[in-house]
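Undergrad: Sequence:
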Amino acid sequence: MSNKKINEFVEKESLEVPLLVKSLTKGVTQKGAPYASVVLQDSTGTIDGKIWDIKPEQEAIIEIGKVQLIVCEVLKYNNALQLRVHKIEALNQEEINLDEFVIASKVSRADLEMVINNTISSIENDNYRKLIEGLFEMIGSEFYNYPAASKNHHSFLGGLATHVVEMIHLADALCNLYPQLNRDLLVSGVLAHDLGKMFELSGPITTEYTLEGKLTGHISILHGRLMEIASKLGLAETEEAVLLRHCILSHHGQLEYGSPVLPLVQEAEVLAFIDNLDARLNTLETALSSVQPGEFTQRIFAMESRSFYKPKND
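The sequence shown begins at 231 in this note's numbering and counts up one residue at a time.
The set of hints was computed from the structure by calculation and includes no laboratory data.
Be a bit skeptical, because a hint or two may be false.
[To be verified] Below, computed lysine to aspartate or glutamate pairings styled on DMTMM-like, alpha-carbon distance capped at 20 Å:
hint, residue 1, residue 2
1, 462, 367
2, 280, 293
3, 360, 469
4, 280, 241
5, 296, 438
6, 444, 470
7, 234, 329
8, 296, 319
9, 256, 289
10, 317, 243
11, 234, 367
12, 242, 303
13, 234, 278
14, 256, 293
15, 235, 325
16, 381, 534
17, 336, 372
18, 540, 515
19, 360, 241
20, 235, 289
21, 360, 458
22, 317, 293
23, 306, 525
24, 235, 246
Start from the sequences, fold in the hints, and give me the full structure.
TA: Below, the structure is given as structure tokens:
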């Protein structure tokens, strides 16, 4: 059994390697043969695998969320490495160090907590600060474990907090450049905007959408929770509560992207832009890390299905 990491895989090599099974999707070829697509992971990244002509007994062995032995061959397809999986075997999970199979934030939890706590303390407006404190008391410390998505941007352990911290830095830079912006409102929007994902997503390891997440979405979920907190604090009728609700509802920027309203105050407009900017740059960082200089990435669905070139001198 090899201890080779995904970022060390080389085309045309054969491997027997332990990997975390992230997901399983079944399909049928044009000729009617069953197959399965699996997403496999270790601490360095994820890789797609295909099991052709899969048998029921093979499918029964696959366990999502478990580390299993993958017997495979490394191929290249559409400028990306992919595995042709020949066999999957069970492993004793008690002998597995899960840290070796979980993608985590590059920023330490202590640093994430420091930035977020300092930012909350820096909010000068009492109403905004109380609303944000109420939201963070509601979600608890599990916030620092959650991803920001099930895939695409910041989809790793601590990804949600990392996304928020990166946006805080962007917000502060823009407030320094454009003093017309109300920093208290903008950073409150940054801190709050994605907290609904704590209820939309199932957790950090094998992230799936919850029933509430599928049926209502994180924007609606958070708006409801914020209304509850604002009512308990006696702040429901304040302008601050209304403006913060507006930032949450409009932070996807466009109706077709899931926001029920468009941004109608400048801080909400900026929030939508920096949310999109940070998400896109993280998506590109991940995609470009898997290709060599002088090559193009696969088409990235979240980037309008474009392929991006990695310059040779990067």
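Undergrad: Which hint numbers does the structure go against, in order from smallest to largest?
TA: 6, 11, 19 and 20
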